[in-house]
Amino acid sequence: MSFMENLMMALSSLKAHKMRSILTMLGIIIGVGAVIIVVAIGQGGEAMLKTQITGPGNTVELFYQPSDEEIRSNPNIFQQAPFKQEDIRALEQIKEIKSIVASSTQFSTARLQQDTVDVSATGINQAYVKLNEMKVEKGRSFSTSDFLGGRRVGLVSHVIQEELFKGKNPIGKVINVANQPIEIIGVLEKPTGLLSFSSMEVYLPFQTWRTIYGSSDYTQVTLQAENSDQLQTAGKKAAKLLNNMHNTEDSYQVLNMEEIAAGIGQITRIMTLIIGSIAGISLFVGGIGVMNIMLVSVTERTREIGIRMALGATRAQVLTQFLIESITLTLIGGILGIFLGWGTASIVSFFAGWPSLVSWQVVLGGVVFSMIIGVVFGLLPANKASKLDPIESLRYE
Amino acid sequence: MIVLDTITKTYLLGKENVNVLNNISLTIEQSEFVAIMGPSGSGKSTLMNMIGCLDKPTSGDYFLSGENVSHYNDNELARVRNQSIGFVFQQFHLLPRLSAVKNVELPMIYAGVSKAERQSRAEEALKKVGLSDRMDHLPNALSGGQKQRVAIARAIVNKPKIILADEPTGALDSKTSISIMEQFRELNEEEGVTVIVVTHESEVAEYANRTIFVRDGMIQLPSSSTRGASE
Numbered sequence: 001m002s003f004m005e006n007l008m009m010a011l012s013s014l015k016a017h018k019m020r021s022i023l024t025m026l027g028i029i030i031g032v033g034a035v036i037i038v039v040a041i042g043q044g045g046e047a048m049l050k051t052q053i054t055g056p057g058n059t060v061e062l063f064y065q066p067s068d069e070e071i072r073s074n075p076n077i078f079q080q081a082p083f084k085q086e087d088i089r090a091l092e093q094i095k096e097i098k099s100i101v102a103s104s105t106q107f108s109t110a111r112l113q114q115d116t117v118d119v120s121a122t123g124i125n126q127a128y129v130k131l132n133e134m135k136v137e138k139g140r141s142f143s144t145s146d147f148l149g150g151r152r153v154g155l156v157s158h159v160i161q162e163e164l165f166k167g168k169n170p171i172g173k174v175i176n177v178a179n180q181p182i183e184i185i186g187v188l189e190k191p192t193g194l195l196s197f198s199s200m201e202v203y204l205p206f207q208t209w210r211t212i213y214g215s216s217d218y219t220q221v222t223l224q225a226e227n228s229d230q231l232q233t234a235g236k237k238a239a240k241l242l243n244n245m246h247n248t249e250d251s252y253q254v255l256n257m258e259e260i261a262a263g264i265g266q267i268t269r270i271m272t273l274i275i276g277s278i279a280g281i282s283l284f285v286g287g288i289g290v291m292n293i294m295l296v297s298v299t300e301r302t303r304e305i306g307i308r309m310a311l312g313a314t315r316a317q318v319l320t321q322f323l324i325e326s327i328t329l330t331l332i333g334g335i336l337g338i339f340l341g342w343g344t345a346s347i348v349s350f351f352a353g354w355p356s357l358v359s360w361q362v363v364l365g366g367v368v369f370s371m372i373i374g375v376v377f378g379l380l381p382a383n384k385a386s387k388l389d390p391i392e393s394l395r396y397e
Numbered sequence: 001m002i003v004l005d006t007i008t009k010t011y012l013l014g015k016e017n018v019n020v021l022n023n024i025s026l027t028i029e030q031s032e033f034v035a036i037m038g039p040s041g042s043g044k045s046t047l048m049n050m051i052g053c054l055d056k057p058t059s060g061d062y063f064l065s066g067e068n069v070s071h072y073n074d075n076e077l078a079r080v081r082n083q084s085i086g087f088v089f090q091q092f093h094l095l096p097r098l099s100a101v102k103n104v105e106l107p108m109i110y111a112g113v114s115k116a117e118r119q120s121r122a123e124e125a126l127k128k129v130g131l132s133d134r135m136d137h138l139p140n141a142l143s144g145g146q147k148q149r150v151a152i153a154r155a156i157v158n159k160p161k162i163i164l165a166d167e168p169t170g171a172l173d174s175k176t177s178i179s180i181m182e183q184f185r186e187l188n189e190e191e192g193v194t195v196i197v198v199t200h201e202s203e204v205a206e207y208a209n210r211t212i213f214v215r216d217g218m219i220q221l222p223s224s225s226t227r228g229a230s231e
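From first to last, the protein sequence lines are chains A and B. Position one of the first sequence corresponds to residue 1 (the working numbering), numbered consecutively onward. Position one of the second sequence corresponds to residue 1 (the working numbering), numbered consecutively onward.
Where hints are given, some of them may not hold.
[What the hints assert, rightly or not] 27 Å max Cα-Cα, derived DSSO-like pairs, lysine-lysine:
1) B:K56 / B:K102
2) A:K384 / B:K56
3) B:K15 / A:K387
4) A:K84 / A:K190
5) B:K102 / A:K384
[As the list claims (entries may be wrong)] Sample of chain B residues lacking proximity to chain A, with all beta carbon distances greater than 10 Å (derived):
6) T6
7) E67
8) D74
Hints were generated in silico from the structure; no laboratory data involved. Glycine is no exception: its CB is placed at the ideal position from the N, C-alpha and C atoms.
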């Protein structure tokens, strides 16, 4: 007796008791749906956290961690900027690197007439403006000629306008940074976002910064690549290149965001697993409901079983018939549950602004798992049906 | 040919063993039309279940077409029922959710007959019992006589050698009973099918060539029929 035969038979007997079948399926629908929702939102959250950590720009920061030996031979090593001009030029040769964002920061005083404030003065290259999305709320941002010509112009953070200029428009005014006159061409927007805070900052084109502080070295270098795979290679190549150039063992490193992201991913996965297990309990309860209804169905159809046996059905064929019926029940429930979960997760993510991710693995898992539920909870009723005595069953009223 | 050789069937009722069938020996030739009669509790139903391979004897041997089926397992018995025996019951025992033609197809499903062949053979069987215009009706849309005709069609569709009918007219009026019995006679005479009818109506038994009386789990020997017991 073919599978299709059994399937058609199962569908027709489920159709004969529509209300009962739907109610029984409901347990499976809700169970599978709940698991899908939890996993989808969990995976979506994980993906969101990962992109927030690594950033959408596919960037990685290079840092310098001198070994004990280097510190012993040069106690002032932390005062020195670790990245030289020739380092940058060498890094530019690595083909995976799309752009190099370099900057140097010095703390100094900024003076307007008699008032002074402590500021961090950062010399930046042109790539820095683009990557950090520096937006000016007043005035203008740096132009290419500002960078190339080393003009004495600067951008100031919003707090400087408040503290030094008492809220008055600072555009076109000149302040002294480390006793060098700088014309303010723009005020940066107040930083938004939870983790950002405003501080006293002055940004200068690197050429300008270099003349003021007499150093052509960078304190911070960030690499940008086309995509995250290339970023990995670029980061490794860059660290190796710098260690070679400086004759150091492992002092130049890339801050491996992947590892941090993986750690966070693990936490969200554990959370998903815990909540998913709780949702799984409802699936288990749904399975018990299926078993219950199948047992009722076997009892109700005792006579049918007797007739089938008299007509030549073997015990295995009776078992298969009822097993396929319960699998059909849970499979339909499972598929409906996937749609329910998918839909609900989409609605939740739409309103919560939290992405949801229904992967094909989860869908496949939902289908397979609901079939397993059908087998596990259908086995007992199906076995009961197959063990019936044909004579007794034929007499059953 | 059916040969029962000193068949005994014992049931455990409470703590007591009850012999329902007591050393029954019986031979039914191919193409015979036999009636089995007896009061209720005589063991005639058990005898019929035994012949129909629904039950196994406690002791003794049952040869069906020369094969000793008394030690067959459940699967082998299912195959024998499917291939060699057609059942007709008092309460018709049609599956209520299946149309007449689908009910007739059932034995062929378990015989592994292809869908197309099932359809044509079921229609043929229904035509033979005069129900070609009722094929797609559900059982509850059929009269008692029509239901029993569907059951007969279902019994003959796998071309068995034996038809076992357990009180086939018990739920029918006398006029319909006659037409059903005529149907059995036709099958017996034209197709050479062995027909065994269990009944307590003497009018029904009159259709048979031979009547076997069962009482207290034994075959009674009326003067006309000594063949069965002497073998």
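Checked hints:
Taken as a hint, the K56 (chain B) and K102 (chain B) pair is broken in the structure, with Cα atoms around 30 Å apart against an allowance of 27 Å. Our distance criterion of 27 Å between C-alpha atoms is met by K384 (chain A) and K56 (chain B), whose separation comes to about 21 Å. Of the pairs offered as hints, the one joining K15 (chain B) and K387 (chain A) holds, with about 24 Å between alpha carbons and a cut-off of 27 Å not exceeded. A threshold of 27 Å between alpha carbons decides the hint, and for K84 (chain A) with K190 (chain A) the separation of about 32 Å lies outside it, so the pair is violated.
Taking the CA atoms of K102 (chain B) and K384 (chain A), the gap is about 26 Å. The hint holds against a cut of 27 Å. The Cβ of T6 (chain B) lies farther than 10 Å from every Cβ of chain A, with a closest approach of about 22 Å, so its non-interface assignment holds. The claim that E67 (chain B) is not at the interface with chain A holds, since no C-beta of that chain comes within 10 Å of its own (minimum 16 Å). Residue placement check: D74 (chain B) does not keep its beta carbon more than 10 Å from all beta carbons of chain A (closest about 6 Å).
Checked against the numbered hints given earlier, the structure breaks hints 1, 4 and 8 and satisfies all the rest.
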